[in-house]
Each structure stands twice: as C-alpha cells, then as structure tokens.
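J.: Protein chains in written order, with our numbering: chain A, 3 to 118; chain B, 228 to 397.
For the chain A half of the interface with chain B, some residues (derived, Cβ under 10 angstroms), not all of them: (1) W94; (2) R100; (3) E106.
Each pair of labels, with its calculated beta carbon distance range: (4) A/D26 x B/K279: 41 to 51 angstroms; (5) A/E66 x B/E349: 43 to 53 angstroms; (6) A/K110 x B/R286: 26 to 36 angstroms; (7) A/S50 x B/P364: 19 to 29 angstroms; (8) B/E333 x A/D26: 32 to 42 angstroms.
Keep in mind that the hints were calculated from the coordinates and are not lab data. In this text, all values refer to a predicted model and were calculated from it rather than measured experimentally. Glycine included, every Cβ here is placed at the ideal spot set by N, Cα and C.
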Amino acid sequence: MSRMPTTADAFNAVAEPRRRQILDLLAERERPVNEIVGLTGLGQPQVSKHLRVLREVGAVRAREQGRQRLYRVDGEALRPVFDWVSRYQHLWEERFERLDDVLEDLKKDGGDDDER
Amino acid sequence: MSDEKRAKLTLPAEDQILITREFDAPRNLVYKAWTTPELVARWWTARRGTAKGMEIDLRVGGRWRYAMEMPDGQEVAFHGEYREIVANERIVSTEVFEGAPLPPEELEPNATVNTITFAEGEGGRTVVTMLIQCPSPEVREAILASGMEDGLQDALDLLEEVAREISHPR
Numbered sequence: 003m004s005r006m007p008t009t010a011d012a013f014n015a016v017a018e019p020r021r022r023q024i025l026d027l028l029a030e031r032e033r034p035v036n037e038i039v040g041l042t043g044l045g046q047p048q049v050s051k052h053l054r055v056l057r058e059v060g061a062v063r064a065r066e067q068g069r070q071r072l073y074r075v076d077g078e079a080l081r082p083v084f085d086w087v088s089r090y091q092h093l094w095e096e097r098f099e100r101l102d103d104v105l106e107d108l109k110k111d112g113g114d115d116d117e118r
Numbered sequence: 228m229s230d231e232k233r234a235k236l237t238l239p240a241e242d243q244i245l246i247t248r249e250f251d252a253p254r255n256l257v258y259k260a261w262t263t264p265e266l267v268a269r270w271w272t273a274r275r276g277t278a279k280g281m282e283i284d285l286r287v288g289g290r291w292r293y294a295m296e297m298p299d300g301q302e303v304a305f306h307g308e309y310r311e312i313v314a315n316e317r318i319v320s321t322e323v324f325e326g327a328p329l330p331p332e333e334l335e336p337n338a339t340v341n342t343i344t345f346a347e348g349e350g351g352r353t354v355v356t357m358l359i360q361c362p363s364p365e366v367r368e369a370i371l372a373s374g375m376e377d378g379l380q381d382a383l384d385l386l387e388e389v390a391r392e393i394s395h396p397r
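Just chain A, with the same shape it has in the complex (with noise of 0.2 angstroms):
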C-alpha cells in the first residue's frame, strides 16, 4: 500500500449503495466475484470495480483459495465510518433512555391509564 487510506476514502468507498450492497453480502461471509455478481446482478466487471475500491481504502481483504479469489470485510477498516455514525447515535439514544424515564413518570401520574 503506497498511501495510509484517509477517513474520507473510507466514506466515499462506503457512500456509493451498491459497495454498501457488497459489504452486507460480504459481511455475511466470504464470498467469491462471481457469487456477488449473482446475487446483485451487476456484471463482473461493475463488480470488480467496486471490490478494487473496497479494497484501496482496506475495507475488503482478499485471499487466494486454489484458483479463486475470496473477498471478506475488514471490520477494523470501517471503524471511521462507525466512529463517525455512532456518535451522533449514542447522542440520539442517551436523550432517549432519559426520555424512557420521563415517560415511566408520566405514565404513573396517571395521564393515561385507561385501556387501549
């Protein structure tokens, strides 16, 4: 590798839908080119570009296996793109378990104990 990939490449390779695509199926298991050309229907060569993207920002790891390649996620790889998601997340989901507690309380004030 001639350059560490940057957080941005990492965005940009996961921002096109369908290398999200490959990375769901790939996340599942290791897969060869042509299972993934089968299961999205894209042509091989459309393929191919994606997962040579995938793996310039270290996003997806190939090995050889006899005569075929075999591509998996790199979870370690992703990690910016989780930091970057699951902070806003946390945030969202802090205020909600607050919010849980709130309701807990509005609900014995009695506000609303008929039946539904």
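Place chain B on chain A using the hints.
T.: Chain B alone, transformed into the frame defined by chain A:
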C-alpha cells in the same frame, strides 16, 4: 437495554439522517414529553450538560430554542421554527446549531428540516421517526461528526460492538 429499544440510525440519502426508536408509552405521552419545555429539559441534554432553558412556541411559525451548559461552562444551543404541527402525530421544524463554524448570515440557510413522526406501535407503544433533511451532504457530515466528546468513550464501546458484529456476523 434490549436491542429492539436501541435507536436505529440510517442514512437514506446523502443529505439525510433517519433515526427510529420505539417507546413503551402511548403516543400522547411521548408527544407531551417531546413538546413540554420542563419535560424536554429532562431528556434532551442527555448526560452532557445542564438544561439552560427550553423555549417552545408550539404553533406553525412559532420558534423553539434549546440550550444547555456544558461542564466547561460553554453554552450549546439550537433553535428553529415550526413548519407543521399535527398534535400527537407529526412535527416539522427547522433546526440550526448556533455554534456551527459559519458566518452568522450562513447559519439560517444551513438549517436542517426535521420531520418527527409519532406512530402507534403494538401494545400501546409508540414509534418515533426523525427524518433530518440537511441542505447539503456537507452539513450532514458536520452533524454526524459533531463533537460531543463527553460521550466519546461510550461511543467507542458501542463502536467496538458494531465492529465486532461486522467482523464476526452471527
């Protein structure tokens, strides 16, 4: 916290954020907790700061402003205007982060438009959906990347979990 109660965050388009969460309370109570200043003060700050005043003028064209004081004394505030209100069902409002690193005249044009939907779920539960429509992909990035360092360690723990799931799917 059970998995089904955890907030789900997805990115439906490059300029959108969608958050969904189920609550074990009827819709009118969730709506009340969402629109009553004293109640919002109890949850909106999360564990990050102290509520400094929640202003809610709940009518179309009315303004809202939420402010909290962070542990370092800094104020973090958001404001916006209500565009649509259907009691117990739907609120559409704009949202501006007052601390965004932008010239003052660019704050309002960079407002997001948030659509909050309160839907009846099963067994008297309520599903809240928040669609945050950003004016550009850049604004969405800024929102998602927004600091909130206090929660960073918790977020890193969560991140570990997500990363593990991805590397070792069930």
